[in-house]
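Asks: Spelled out, the chains give:
Number of protein chains: 2
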Amino acid sequence: MTLRIAEIFGPTIQGEGALIGEPTVFVRAGGCDYRCSWCDSLHAVDSANRHDWAKMSAEEVFDQVCTLSGGKPLTVSISGGNPAIQDFAPVITLGQAAGYRFACETQGSIAKPWFGALDTLVLSPKPPSSGEKVDWEAFDNCLIAAQSCEQVVMKIVIFDDIDYDWAKATAARYADLPLYLQPGNAEVDPDLPLDLQAATDRLLWLIEKVTADQWYAPRVLPQLHVLVWGNKRGV
Amino acid sequence: MTLRIAEIFGPTIQGEGALIGEPTVFVRAGGCDYRCSWCDSLHAVDSANRHDWAKMSAEEVFDQVCTLSGGKPLTVSISGGNPAIQDFAPVITLGQAAGYRFACETQGSIAKPWFGALDTLVLSPKPPSSGEKVDWEAFDNCLIAAQSCEQVVMKIVIFDDIDYDWAKATAARYADLPLYLQPGNAEVDPDLPLDLQAATDRLLWLIEKVTADQWYAPRVLPQLHVLVWGNKRGV
Numbered sequence: 013m014t015l016r017i018a019e020i021f022g023p024t025i026q027g028e029g030a031l032i033g034e035p036t037v038f039v040r041a042g043g044c045d046y047r048c049s050w051c052d053s054l055h056a057v058d059s060a061n062r063h064d065w066a067k068m069s070a071e072e073v074f075d076q077v078c079t080l081s082g083g084k085p086l087t088v089s090i091s092g093g094n095p096a097i098q099d100f101a102p103v104i105t106l107g108q109a110a111g112y113r114f115a116c117e118t119q120g121s122i123a124k125p126w127f128g129a130l131d132t133l134v135l136s137p138k139p140p141s142s143g144e145k146v147d148w149e150a151f152d153n154c155l156i157a158a159q160s161c162e163q164v165v166m167k168i169v170i171f172d173d174i175d176y177d178w179a180k181a182t183a184a185r186y187a188d189l190p191l192y193l194q195p196g197n198a199e200v201d202p203d204l205p206l207d208l209q210a211a212t213d214r215l216l217w218l219i220e221k222v223t224a225d226q227w228y229a230p231r232v233l234p235q236l237h238v239l240v241w242g243n244k245r246g247v
Numbered sequence: 013m014t015l016r017i018a019e020i021f022g023p024t025i026q027g028e029g030a031l032i033g034e035p036t037v038f039v040r041a042g043g044c045d046y047r048c049s050w051c052d053s054l055h056a057v058d059s060a061n062r063h064d065w066a067k068m069s070a071e072e073v074f075d076q077v078c079t080l081s082g083g084k085p086l087t088v089s090i091s092g093g094n095p096a097i098q099d100f101a102p103v104i105t106l107g108q109a110a111g112y113r114f115a116c117e118t119q120g121s122i123a124k125p126w127f128g129a130l131d132t133l134v135l136s137p138k139p140p141s142s143g144e145k146v147d148w149e150a151f152d153n154c155l156i157a158a159q160s161c162e163q164v165v166m167k168i169v170i171f172d173d174i175d176y177d178w179a180k181a182t183a184a185r186y187a188d189l190p191l192y193l194q195p196g197n198a199e200v201d202p203d204l205p206l207d208l209q210a211a212t213d214r215l216l217w218l219i220e221k222v223t224a225d226q227w228y229a230p231r232v233l234p235q236l237h238v239l240v241w242g243n244k245r246g247v
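First to last, the protein sequences are chains R and L. Here our numbering is used: the first residue of the first sequence is 13, the next is one more, and so on. Here our numbering is used: the first residue of the second sequence is 13, the next is one more, and so on.
So here's chain R without its partners, still in its complex pose (with noise of 0.2 angstroms):
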C-alpha cells in the first residue's frame, strides 16, 4: 500500500495551534474531500497536481523523516490536504517504536482509527466563509475515534464576522475541547511578498474581538511560519 504526499519538510517549527513553536517534521499528505475558497495549500489539495505527488510506501515516508531529523526524535506532524484520506497507521507505529511523536491535522470529516495512536489531534472545522460545510455527525465520529488519543483539540481559522459568530456556537457545542482561534490569511501566492503588517494587522483585529466580548476560552494565535517566511513552501 503506498501513501500520496505532497512533501515532507522540515525540521521546523509548528507554526499553529497547540504546539505552536514545537520543532516539527511536516508530512504533507496529497489529496482533499474538501476545497475551501481560502486554501493555502492548494499543491496538497487540487487533484489537478496529483502527479507531484509522491508515491510512498510507510518505511519510505519514515526513512525520509528520520533522514531530515538526522535520527533524533521528535514532533512528526502529518497534515494535508486531509490526511484523514488516507491510512497513516504504518507510519505511526514505525515512528512511535523509535520515539518520534505524531500530531495530525484535519477538517474532522472523515474519522480513523489511527487518530487514536496519536499524541495531538488537531480537528479544523471550516467556517462559513471557506464555501464547506462541515459534517457534524462525522466530527463527532473523529471525536471517538481519537478517544486514546493523549490531546485533542479544535482549532478554527477566522476571516471575517461571521466566522467568529461560528466559531463562538462551535465552541458552544465542543466546550471541553481546549479552543485556539487563527485569523484568516487571504494572501497565499508564495510567490508574492507577504504584507507583514497586514498579517499582524488581522491578529490584533481578533485578539481585539475576543477581548471586547470577554471570550477567554479559546487562545489567539497566529501563523508564525507565514509572519516569518511569508507563503514560501517547505517551511
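Derived from the structure by calculation, the hints contain no laboratory data.
DSSO-like cross-link-like pairs, simulated, lysine-lysine; straight-line CA separation at most 27 angstroms:
id, chain 1, residue 1, chain 2, residue 2
1, R, Lys221, L, Lys84
2, R, Lys84, L, Lys180
3, L, Lys221, R, Lys84
4, L, Lys84, R, Lys180
5, L, Lys221, R, Lys244
Chain R is already provided as a structure; the job is to place chain L on it using the hints.
Replies: For chain L alone, coordinates are given in the frame of chain R:
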C-alpha cells in the same frame, strides 16, 4: 500590607511562552532585584520610577482585575519587575475563590511560598547577555516552593551565541522542565516604532539555530505582543 504595583492592564493575550495566546490580565509588580542590560520593563524595575507605582491592597488589586475582565474569570499574569519580592498570596487567594487562574513570571532569584498556589510558574533565568548572574541555589528553592504548582516551565531569552550555549547547558541541568526559547528584543524604546521585519528575523535566526543543532526539546516562540503592538505599554 500594601503591594507596589507598576501597572494593571488587559485583557489582552499573553504574548510569550507556555500560555502564548491566552486571554490575560497583567498585574505588573514594581521593583526588581536584577537590572538586566536589555530590560524591557524599566518602568517597573528602576527605583527612580517608584513614585509612579501605586500602593494597593490585595483587595484593590483584585478589584481592578475584576473591573478590567468584566467579572468574568480568566488568567491573571503576575509579572514585574520581580513579583517574588512581594507577597501576592492574598491576591491569588481572592482571585482563585472567584474562579480566576494565576500565572507568575520571575527570574527565579527569590522563592516564595505562594508559588505553590499558582496555576503556572514561569521561571526565566537570565542569560549572560543580561549582565546578571544566576544564583542556582535560589533557583532550586523556587522549584521546591512550586512543588504543588500545576505547571512549572522555564523560559530563556536568547540574544546571541553565548546565550544560546548557556541555554543548552541550563536545559541539560533542568531536563524535566518544559522549555521555551525566545529571541531577545533589543528595541525596547516605547516611543520608537518597531522594525517588524527585524523582529521576525530574530525569530528566524533562533529557529534555524535550534533546528540546525537538532535541539528539539524547546519550543521557540516570539513575543507576540511586540509583533502586534511594538513596544507600546499597557497591551
